[in-house]
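Chemist: So the chains spell out like this:
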Amino acid sequence: MSPDVFLFWFLAILTVISGLMVVLMTNPVFSALSLAMTMVLIGALFVTLNATFLAGVQLIVYAGAVMVLFVMVLMLFDLKNEIYAFTRGKISGAFKVGSVGILAGLVIGSIGLTASTLLQSSTAPLVSMSGDTTKDLGKILFSQYLLGFEALGALLLIVAVGAVALARSKGGTHAK
Amino acid sequence: MRARKVAHMPSNFILEVGLPHYLVLSSLLFVTGMAGVLLRRNAIVMMMSIELMLNAVNLSFVAFSRYLGLLEGQVMVFFVMTIAAAEAAVGLALVVAIFKRFKEVNIRFFEHLKG
Numbered sequence: 001m002s003p004d005v006f007l008f009w010f011l012a013i014l015t016v017i018s019g020l021m022v023v024l025m026t027n028p029v030f031s032a033l034s035l036a037m038t039m040v041l042i043g044a045l046f047v048t049l050n051a052t053f054l055a056g057v058q059l060i061v062y063a064g065a066v067m068v069l070f071v072m073v074l075m076l077f078d079l080k081n082e083i084y085a086f087t088r089g090k091i092s093g094a095f096k097v098g099s100v101g102i103l104a105g106l107v108i109g110s111i112g113l114t115a116s117t118l119l120q121s122s123t124a125p126l127v128s129m130s131g132d133t134t135k136d137l138g139k140i141l142f143s144q145y146l147l148g149f150e151a152l153g154a155l156l157l158i159v160a161v162g163a164v165a166l167a168r169s170k171g172g173t174h175a176k
Numbered sequence: 001m002r003a004r005k006v007a008h009m010p011s012n013f014i015l016e017v018g019l020p021h022y023l024v025l026s027s028l029l030f031v032t033g034m035a036g037v038l039l040r041r042n043a044i045v046m047m048m049s050i051e052l053m054l055n056a057v058n059l060s061f062v063a064f065s066r067y068l069g070l071l072e073g074q075v076m077v078f079f080v081m082t083i084a085a086a087e088a089a090v091g092l093a094l095v096v097a098i099f100k101r102f103k104e105v106n107i108r109f110f111e112h113l114k115g
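As given, the protein sequences belong to chains A and B, one line each in that order.
For what it's worth, my numbering labels the leading residue of the first sequence as 1, then goes sequentially.
For what it's worth, my numbering labels the leading residue of the second sequence as 1, then goes sequentially.
No lab work stands behind these hints: they were computed from the structure.
Note that the coordinates shown come from a computational prediction; the quantities given were computed from them, not determined experimentally.
Hints may be right or wrong, so weigh each one.
[Stated by the list, open to error] Label-pair distances were calculated between CB atoms; the ranges are:
1) A:Gly138 with B:Phe110: 39 to 45 Å
2) A:Leu147 with B:Ile107: 36 to 42 Å
3) B:Val90 with A:Phe86: 23 to 29 Å
4) A:Ile17 with B:Leu68: 26 to 32 Å
5) B:Leu15 with A:Ile158: 45 to 51 Å
6) B:Val80 with A:Pro3: 25 to 31 Å
7) A:Ile108 with B:Leu68: 18 to 24 Å
8) A:Gly109 with B:Leu15: 20 to 26 Å
9) A:Leu155 with B:Leu15: 43 to 49 Å
10) B:Glu104 with A:Pro3: 48 to 54 Å
The C-beta atom is built at its ideal place from N, Cα and C for all residues, glycine as well.
Just chain B, same shape as in the assembly:
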């Protein structure tokens, strides 16, 4: 039974879009953003990757809200968007402070912040 399910899965998966498709897309975007945070050394690009992760979470919130018929997911997306905007403002202010002192936004200069 299990083999049969796997066998007819592909055409079904391509021709019928549902919740799993959006969840897989959302997790791919989240993982891309996480790789950016781990691998990039530029503080601004790291913050862009964080925005990418937040967007991926928003996508899965909206997908769940659509397919479960609950509006709470969309309300939560509002909150996430506001927090993301606030985080971007504070983070960029920190980056500006670092740049004013070191003329560089590479993440290795952030360790000089510790007293």
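For reference, chain A alone in the conformation it holds in the complex:
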């Protein structure tokens, strides 16, 4: 087993376990910590896919900024272990788990059925993607996708103002 393959399986198993822990932990702070671990592991998987710049952005934006936001809000609330952490209805819960299982089966089954063609086209990636892709990514982002990039900047400004306005609101129509 080559180091690349071993690294992939190591990261994949850890990612799935920490992803499950996000959902299964009843204490929200533990969920947040497992989510941070999942983000870091996905960043490592980006490195194995030669997307080093995206891995850095993943660490800074997700594992840094977004997780700090989540943990700060959790600390504001001072939540303990919850009594009703999960949905209560047994039958509706069974339906939800069943629908999720069916979705997983459908997706993984379809990937499995097409795996032979996917592997054929995928075992020999193109030469242009084998090295570092940061330079090409910057070129394409600031030429072909410049409009979308600027629109995202405007969106972030609007969202920052809107988040402050929402957090200061006193409950809308129920305000006393």
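Given the structure of chain A, go ahead and fit chain B onto it with the hints provided.
Modeler: What follows is chain B alone, placed relative to chain A:
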């Protein structure tokens, strides 16, 4: 022919990592996040599960970009990350507004929002 393919599939699947591996991992993470959104009652944990789903989609974008040799997938990951950050900010502001009124972030209090 089909049986032979299935028979020698396992060792090949473990020893040779390619696009299907990343896609299966990504779909497992997505389904985990979806189960979290459906099953958990805490609004913050539901938003964490949404972040998990977005991350799974990012992973499949990057995997396709790597194995098809197209950089557009990585550009799309930038957009998804920005939208995710914006969504987290607005969602957490809503949760703070709910908590200020009900002293609780359980999802059953959100139904009181309707006028």
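Chemist: If a hint holds in the structure, say so; if it doesn't, say that too.
Modeler: Against the structure, the hints:
The supplied range of 39 to 45 Å is met by Gly138 of chain A and Phe110 of chain B, whose beta-carbon atoms lie about 42 Å from each other. Checked against the hint of 36 to 42 Å, the C-beta distance between Leu147 of chain A and Ile107 of chain B comes to roughly 37 Å, which is consistent with it. Remark: the range hint 23 to 29 Å for Val90 of chain B to Phe86 of chain A is upheld by a beta-carbon distance near 25 Å. Against the hinted window of 26 to 32 Å, the Cβ-Cβ separation of Ile17 of chain A and Leu68 of chain B comes to about 29 Å, which satisfies the hint.
The given range of 45 to 51 Å is respected by Leu15 of chain B and Ile158 of chain A, whose C-beta atoms sit roughly 49 Å from each other. Hint check: Val80 of chain B to Pro3 of chain A, Cβ distance near 30 Å, so the stated range 25 to 31 Å holds. Judged by the Cβ atoms, the range 18 to 24 Å given for Ile108 of chain A and Leu68 of chain B holds: they are separated by roughly 20 Å. Under the hint 20 to 26 Å, the C-beta atoms of Gly109 of chain A and Leu15 of chain B, about 22 Å apart, fit the expected range.
For Leu155 of chain A and Leu15 of chain B, the hinted distance range of 43 to 49 Å is satisfied, since their beta carbons lie about 44 Å from each other. Our hint of 48 to 54 Å for Glu104 of chain B and Pro3 of chain A holds, since their Cβ atoms are close to 49 Å apart.
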